Structure formats: C-alpha cells, structure tokens
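Given the structure of chain U, go ahead and fit chain F with the ligands onto it with the hints provided.
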Amino acid sequence: MISLPFALLVTATLGSILAGLSCSIAGVFVVRLNIASIGFCMSHAAFAGAAFGLLIEVDPLLTAMLFASVTALLLAPVANRAKLNTDVVIGIMFSLMIALAFVFLNLSPGEAASGAALRILWGSIFAVSEYDVLYLALLCAMMVSFVTLFYKEIFALMFNQKLAKAAGVNTYVFMLIVVFLTGLAVSFSLKLIGGLLVYALIINPTSTAYQFFWDFRKIMVFSPVIGVASCIAGFIFSLETDFPIGASIVIVSAILLAISIAISPKRRTAKIAAQAA
Amino acid sequence: MYTTRNDLMSGSKGPKAVVLLDKVSTVYEGERFPAIRDVSLCINAGDFVCVIGPNGSGKTTLLETVNGILRNTSGNVRVFGLDVTESGHSVRTRTGYVIQNFEIDPLSPFLCKNVVMSGRVGKIGLLRFPSERDWAIVDESMRLVGMDSSADRPIGKLSGGEFQKILLARAIAQEPEMFLLDEPFANLDLKSRADVDRLISDLNRKGATTVMVSHDIDSIPFSCSHIIVMNRGRVAAFGPRDELLQNGVISSLMKVRGSAV
Ligand SMILES: Nc1ncnc2c1ncn2[C@@H]1O[C@H](COP(=O)(O)OP(=O)(O)OP(=O)(O)O)[C@@H](O)[C@H]1O
Ligand SMILES: [Mg+2]
Chain U
5 MISLPFALLV
15 TATLGSILAG
25 LSCSIAGVFV
35 VRLNIASIGF
45 CMSHAAFAGA
55 AFGLLIEVDP
65 LLTAMLFASV
75 TALLLAPVAN
85 RAKLNTDVVI
95 GIMFSLMIAL
105 AFVFLNLSPG
115 EAASGAALRI
125 LWGSIFAVSE
135 YDVLYLALLC
145 AMMVSFVTLF
155 YKEIFALMFN
165 QKLAKAAGVN
175 TYVFMLIVVF
185 LTGLAVSFSL
195 KLIGGLLVYA
205 LIINPTSTAY
215 QFFWDFRKIM
225 VFSPVIGVAS
235 CIAGFIFSLE
245 TDFPIGASIV
255 IVSAILLAIS
265 IAISPKRRTA
275 KIAAQAA
Chain F
9 MYTTRNDLMS
19 GSKGPKAVVL
29 LDKVSTVYEG
39 ERFPAIRDVS
49 LCINAGDFVC
59 VIGPNGSGKT
69 TLLETVNGIL
79 RNTSGNVRVF
89 GLDVTESGHS
99 VRTRTGYVIQ
109 NFEIDPLSPF
119 LCKNVVMSGR
129 VGKIGLLRFP
139 SERDWAIVDE
149 SMRLVGMDSS
159 ADRPIGKLSG
169 GEFQKILLAR
179 AIAQEPEMFL
189 LDEPFANLDL
199 KSRADVDRLI
209 SDLNRKGATT
219 VMVSHDIDSI
229 PFSCSHIIVM
239 NRGRVAAFGP
249 RDELLQNGVI
259 SSLMKVRGSA
269 V
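If you're matching them up, the sequences are chains U and F in order. Everything in the first sequence is counted per my numbering, starting at 5 for the first residue and increasing by one. Everything in the second sequence is counted per my numbering, starting at 9 for the first residue and increasing by one.
Chain U on its own, in the form it takes in the complex:
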C-alpha cells in the first residue's frame, strides 16, 4: 500500500472516475456501431500523438488530441461503409501508429522524456494534473448532455443507420460527433490509463452491460456505472498492489466482463433453449 499526498489522491480519484465515465459512454457507441476498429486506431493514434508531443516538447495531451482527431476525421467517413475492410484498416493504422510512437520516443532526448513516455504507455496517476481532470470533467459534461438531449436520435442511429437516416436523422453529423467524442475520451484518458490499455476501458464496461440488459436505455446507464466502478476498484487495487493504475483498471474490468459472460442471463437462457432443442 502506497500512501499519497491528499491533493494527489483527490486528483487521481476524480481522474479515474471521469476517465471511466467518458470511456464507457464512448464504449456504448463504439461497440454498437461496429466502429471498434476506429476506436482502436484512435487510441493508438493518440498514443503516437503523445509521443510526438514529448519529442517536440509541447503538452502531449494536445498532440494526442490532434492525432486522435485527425484519425477520427480520416476514418469517420468510412465508418458507415459496408465495404470498409476493417482488418486492413486495423493492420495498417495500428502498426503505423505504434511504429511512429516508438520512433518519436526513440528520438526524444533525455531521461525525463523516457519517463514521461513510459507513463503514456502504461498510464500513471502522477501524470494527471488538475487541468487534465478539468478537461475530463468538461468532456463528461458534454457527453452526458449529448446523450440526454439527443437520446432518441442516438437510439435510432444505434438500431440501424440507414433506417435512422430514412426517418430524417442527420446521420452524418451524428456519426461525426460520436467519433469525435470517442477521440476526445481516448485522448483525455491516455495519461491515466495508458495508450496501450485505454481501448480496453472503452470496450469492457459496455460489453459487460450487454450481458445483462435488453433495453438500450439500461445499457446507456449501466455501462458508465460499470466503467466508473471498474476505475474506482482498479485505483484501489493499484494502491494496494503498486501495479500501474491503467493495468489495474483494465484487469478489474476484464475480470468483471469474464464473470458477466459466465453468469449472463442472456447466454444462460440461450443454453437452456439449445439443450431443450
């Protein structure tokens, strides 16, 4: 058990809660819209961006956002095309971004830079400033109001993009907003969770909620609840074990997902039906 100064404890706790909230809201979009490859690419682009920021000595958060947004803008138009070969996109973008990140990190001078680089890779509570928490809070406010105000449009979009468009929803604009918010959630959570793992925090809570609920509204509520709970539990776990915080959070959320798949009422009924048949 490591003891932290009170201020750092508060920042880290708030940061964990807010990162969990924003990532798991983004997760609902990412999982349902089948844009997992885009989320995946964005998290690695953000990682490469942060490394680039270290290299040119500007705030890594800024360059992470920049890289994630550019990736989002490049990929958003292809998000709803059936023809998009996701394997190819993942293959190219993922390896390119990781390669870029390593090049940037390698070029960055000095001890301090490599320490910072490691933090971006693994995530660290020491990397999170009050400003990061503030940005995360603003982002969470944006996401919650987006979901509340445009719930019916989001529902239509999540059910079927073509039918949503046919009913008069501006699907193009909504897709852009969704992809953009996801990019921001990834970038803002990067310092805390780490570039390699932030993606798991997006996918796991929503996938966990999927095991239990048939009603989209409940997914929209419980995915963030599970995300925040994983983050708090992971944070405590990391204090206890001295594991990196990102790793702890992802381990907790992965365990939750595994348990939920094992006990899922959805799957259980399916199994009984299959046995009966």
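Keep in mind the hints are simulated off the structure, nothing from the lab. Treat the hints with caution; some may be incorrect.
Stretches of chain F that chain U covers, calculated by requiring three or more beta carbons in the stretch to come under 8 angstroms of a beta carbon on chain U [to be verified]:
no.	region
1	62 to 69
2	89 to 102
3	128 to 140
Fair warning: this is a prediction, and the values are worked out from it, not measured in the lab. Positions of the beta carbon are idealized from the N, C-alpha and C atoms, including for glycine.
The following block gives chain F with the ligands in isolation, referenced to the frame of chain U:
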C-alpha cells in the same frame, strides 16, 4: 391520375405529382455502371405503385434514390415538389421506409416499442422528447400490425415475420405522406400476408402514396394502381396495373421465372 411519359418530358407536372424522376441514374460508390439508369417516371398523390423485377434489377436502388439515402449521379429527383439533393431531410421525415429484410444480432438491446418509436425521431424533431401522443401513436401502429403484445420484447428475439411487422409498424408510426416498402411480405405467412396487404391498402386509401417493391408478381395487392417493371436498372414498363398485367413484358419476366425454377 396517371401522367404519361410525354407529359413529363414536356415539363408539365400534374399538380399532385409526389415523385418525379427525370432521367435519373444512380451509381454505387466504387462501381462503374449505374444500378439504375435513365429512369423517368411520375407518381401521383394517392397512387399505389408496385415495383417488380428480377433480383438485382434495381428496385431497392430506385426506392433509396427516391428518398435520397442514395445520391443520384445524374438526372433530377423531386419528391413532394422538393429537390431531394437539397431537401433530403424533409423528404425523408415525410416518407416511411421499410428496409428490405436484414439480419439483426439476436443479443441486440432494443425493445420493440422503442424501435417503433424510432420511426418518429425526425417527425418529433431535434431537442424534443416523445410525448404521450407519440406513444399512443406507437401503440396504435403496433396494434395495426398485430404486434401490440410484443411491445416490451427485445427485437432480437422476434421471428423473421414478426420483425418484418415491427419494421412496418415503425414506418406507420412515422405517419408519413408516402410509404416506400421494400418487400414488406418477406417472411410472412399467408394469413399475415393477407393482413398486411389489407393494412397497406387501407393506409393507401386514407391518402398515403405507396410504392411497394416485390419480386413476386403473385403478391401484388389488389388495390395496386400502377406497376413499374424494372429490368437491368431500366424501367422496362410503367403503367396502370390492368394494362400492364396483360403486357408482354411481365409475361416474359414470368416465363424466365418459370423456367428457372
Ligand atoms: N452497395 C452496393 N454497392 C455496389 N453495387 C450494389 C450495391 N447494392 C446493390 N448493388 C448493385 O446494384 C444492382 C441493383 O441492386 P438492387 O439492390 O437495387 O436490386 P433489387 O432489384 O433490389 O434486387 P433484389 O430483388 O435482390 O432485392 C445490382 O446489380 C447490385 O449488384
Ligand atoms: Mg432489393
């Protein structure tokens, strides 16, 4: 009233023209040849038009060009007097679309009543929430298709036919001025087919212009007023139902079907 092709060419549109296509072609992205080409036709308010033709002849493409889901590559599409390229949103808000049967993940977390409500999103408008009246319309639409007892069932647990009825209820809940129905009889048993046939005809009689796709000439509803025959992306024939049913184009199409089986 039926407007002839000549009326259309001379530019005189009837006052009640709901859909007006002028030499419209639509090319899918990345394709070289148009899926529909040089389609010109006019559908008037209250018409009940059936689009028939073999697989791949462009029926779905035609529907999606009319409501602007696909952007036409050349020609001119006017619906409700509006240019679809410019005013696609208002056209789509006033048009109910039943998509051709598609697969849905059995675990997907959507309840039937909410899916039906999602037909009304454009109609309700941005930054507004469904009112009690909206929910009453949703209930009524589900009752019309005989699915009122399934309101709280997850959509993924429905059978193919039940799902098809929910999609129809979704379009009805939109209270559109025009229906575009892509194979609404798919997966339906004989009784449901008759029920849905009657329902669609009723809605048409109450004033909704209806364009219905079917690849099966036997399932053309009795109340259908006009028939469009599509073949290889072109309109092979278009005219009043009775005239077309005696036409050689359809019988040749049926012969192809007969020999293929
Ligand atoms: N997304 C697409 N990309 C490229 N080509 C397409 C696409 N969708 C359809 N096509 C092509 O356009 C042509 C017309 O297709 P369309 O779906 O309109 O046919 P259809 O008459 O509705 O057929 P069916 O009876 O099978 O539903 C076909 O040759 C098809 O291969
Ligand atoms: Mg079709």
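Verdict on chain U covering the region 89 to 102 of chain F, criterion of 3 CB contacts below 8 angstroms
Result for this restraint: holds, n = 4.
Holds or violated: the region 62 to 69 of chain F covered by chain U, criterion of 3 or more residues with Cβ-Cβ distance under 8 angstroms?
Answer violated; 0 residues pass the 8 angstroms Cβ test.
Under a C-beta cut-off of less than 8 angstroms, do 3 or more residues of the region 128 to 140 of chain F approach chain U closely enough to confirm the stated coverage?
holds (count 9)
Violated hint for the displayed structure: number 1, the only one.
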